[in-house]
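S.K.: We have chain A already, so just place chain B on it with the hints.
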Amino acid sequence: MELEVFKKNDVAILKISGDVDLYSSPQVRNKILALLAKTQKNLLVNLKDVSYMDSSGVATLVEALQLTNKRGGKLRLYHLGPAIRDVFELSRLDKVFDICETESQALNGIIAE
Amino acid sequence: MNKKPIIEIKDLVTYYGSRKVLDGINLQIMPGETMTILGRSGCGKSTLLRHIIGLSKPSSGKIFLKGQDITILTENQMLSIRRKIGMLFQGGALFNSMPVGDNVALPLREHTELEDSTIQIMTRMKLDQVGLAGFEDFMPAQLSGGMKKRAALARAIAMDPDMLFCDEPSAGLDPIVAVGIDHLILKLKKAFQMTIVIVTHELASVFLIADRVALLDEGRIIALGTVEELKNSTNKKVQQFFNRIPDPEKIDKDSYLNSLVGENNKL
Numbered sequence: 000m001e002l003e004v005f006k007k008n009d010v011a012i013l014k015i016s017g018d019v020d021l022y023s024s025p026q027v028r029n030k031i032l033a034l035l036a037k038t039q040k041n042l043l044v045n046l047k048d049v050s051y052m053d054s055s056g057v058a059t060l061v062e063a064l065q066l067t068n069k070r071g072g073k074l075r076l077y078h079l080g081p082a083i084r085d086v087f088e089l090s091r092l093d094k095v096f097d098i099c100e101t102e103s104q105a106l107n108g109i110i111a112e
Numbered sequence: 000m001n002k003k004p005i006i007e008i009k010d011l012v013t014y015y016g017s018r019k020v021l022d023g024i025n026l027q028i029m030p031g032e033t034m035t036i037l038g039r040s041g042c043g044k045s046t047l048l049r050h051i052i053g054l055s056k057p058s059s060g061k062i063f064l065k066g067q068d069i070t071i072l073t074e075n076q077m078l079s080i081r082r083k084i085g086m087l088f089q090g091g092a093l094f095n096s097m098p099v100g101d102n103v104a105l106p107l108r109e110h111t112e113l114e115d116s117t118i119q120i121m122t123r124m125k126l127d128q129v130g131l132a133g134f135e136d137f138m139p140a141q142l143s144g145g146m147k148k149r150a151a152l153a154r155a156i157a158m159d160p161d162m163l164f165c166d167e168p169s170a171g172l173d174p175i176v177a178v179g180i181d182h183l184i185l186k187l188k189k190a191f192q193m194t195i196v197i198v199t200h201e202l203a204s205v206f207l208i209a210d211r212v213a214l215l216d217e218g219r220i221i222a223l224g225t226v227e228e229l230k231n232s233t234n235k236k237v238q239q240f241f242n243r244i245p246d247p248e249k250i251d252k253d254s255y256l257n258s259l260v261g262e263n264n265k266l
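Chains as they are written, first to last, in numbering that gives the first Met the number 0: chain A, 0 to 112; chain B, 0 to 266.
Looking at chain A on its own, in the form it has when it is part of the complex:
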């Protein structure tokens, strides 16, 4: 699994590639915590190149969502492939997360901190 961080209009974008599973999701968690610790209030997560995500990956994103909500920020997911979208739908978390089709949709209305 690989993690890359980009900035667009000063908003942090985390791009995850590969499998997010029991063994790799702690890296995702650490990266998200580090980004949010750097006074980032809002975070976008690009899941285009995620081929597999298990419950630990989903739980990690749930924790990140709770953190951003507490800070009055936003966490948005985008570019979910059909398999990843299924994982969210089956846990009924598609109703909880802000899931966007494209990066520009995800950026829409997000204010850079």
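These are calculated hints, taken from the structure and not from any lab test. Keep in mind that a hint or two might mislead.
[Said to hold, decoys possible] With a cut-off of at most 27 Å between alpha-carbon atoms, the simulated DSSO-like pairs for lysine-lysine come out as follows: (1) Lys189(B) to Lys2(B); (2) Lys2(B) to Lys94(A); (3) Lys189(B) to Lys94(A).
[To be verified] Heads up, incomplete: computed chain B residues facing chain A, CB under 10 Å, no partners named: (4) Gln27; (5) Met29; (6) Leu105; (7) Ile118; (8) Ile120.
Just so it is clear, the structure is predicted and the values come from calculations on it, not from any experiment. Even for Gly, the Cβ is constructed at its ideal location relative to N, Cα and C.
M.R.: Then chain B, alone, in the frame of chain A:
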């Protein structure tokens, strides 16, 4: 179809003492398939399940899980395979001294380096998937039989297994609760594309959830196929099982009389 079997059993033979319990089992189970192992009490079906998950070693034969022969693995090597296996034991096997949430979290705490905050969210997700959202602080003794089975199922799927094994999942449950467990297994199969192996003698469960059935009799697979194929089988034992026909009553008059008057014990 060009898939390789995820589980393959070759010429499996096992003895308990001098009694042959499994007698040359050959079986292939494909990824995503629900295979039910059906048979009368004592026919060897639970023994077969214990061998597939590596809890017992066969007298001879091979068992391949994802291409790896588990009959030659050490206990340590087997651990990494067991991490991708979920097992629902017949009695649920929950730890009665732990709340339900801790029971579900146990494999995650034992086998992963995940933070407890992540584990707690995963535990609640799993309990939600089995219809027990909000029950994490309940003790097993506070749950009904069906709820205990659901909690045990939540623990079995805690590590997102590729393969789920269930030993008599509806044993001891009333028909309504039993069919609820069957539907839950179907839902999990659809949701997670798991390969599921279920040992049972409940025909109603088999009709509902099986892709294929292996009918075991005296340690051998005497029929293998879809429910329809087995229903149409001309094999007498298959017909007896599917039509629920009791064994014919055989009485040896002399030996029965002797047993009643205690003559059998005399030399």
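S.K.: Does each hint hold? Answer for all of them.
M.R.: Each hint, compared with the structure:
1. Distance check on the hinted pair: Lys189(B) and Lys2(B) sit about 18 Å apart at the alpha-carbon level, within 27 Å; holds.
2. With a CA separation close to 35 Å, the supplied pair Lys2(B) and Lys94(A) exceeds the 27 Å bound.
3. Distance hint between Lys189(B) and Lys94(A) is fulfilled; the C-alpha atoms sit about 20 Å from each other, no more than 27 Å.
4. Interface hint status for Gln27(B): violated, as the beta-carbon distance to the closest one in chain A is roughly 25 Å, over 10 Å.
5. Taking 10 Å as the C-beta contact cut-off toward chain A, the hint placing Met29(B) at the interface is violated, the least distance being around 19 Å.
6. With a cut of 10 Å, the hint placing Leu105(B) at the interface with chain A is violated, because the nearest CB-to-CB distance is about 14 Å.
7. Because the beta carbon of Ile118(B) sits about 8 Å from the nearest beta carbon in chain A, less than 10 Å, this interface hint is met.
8. Taking 10 Å as the C-beta cut-off, the interface hint given for Ile120(B) holds, the closest approach to chain A being about 4 Å.
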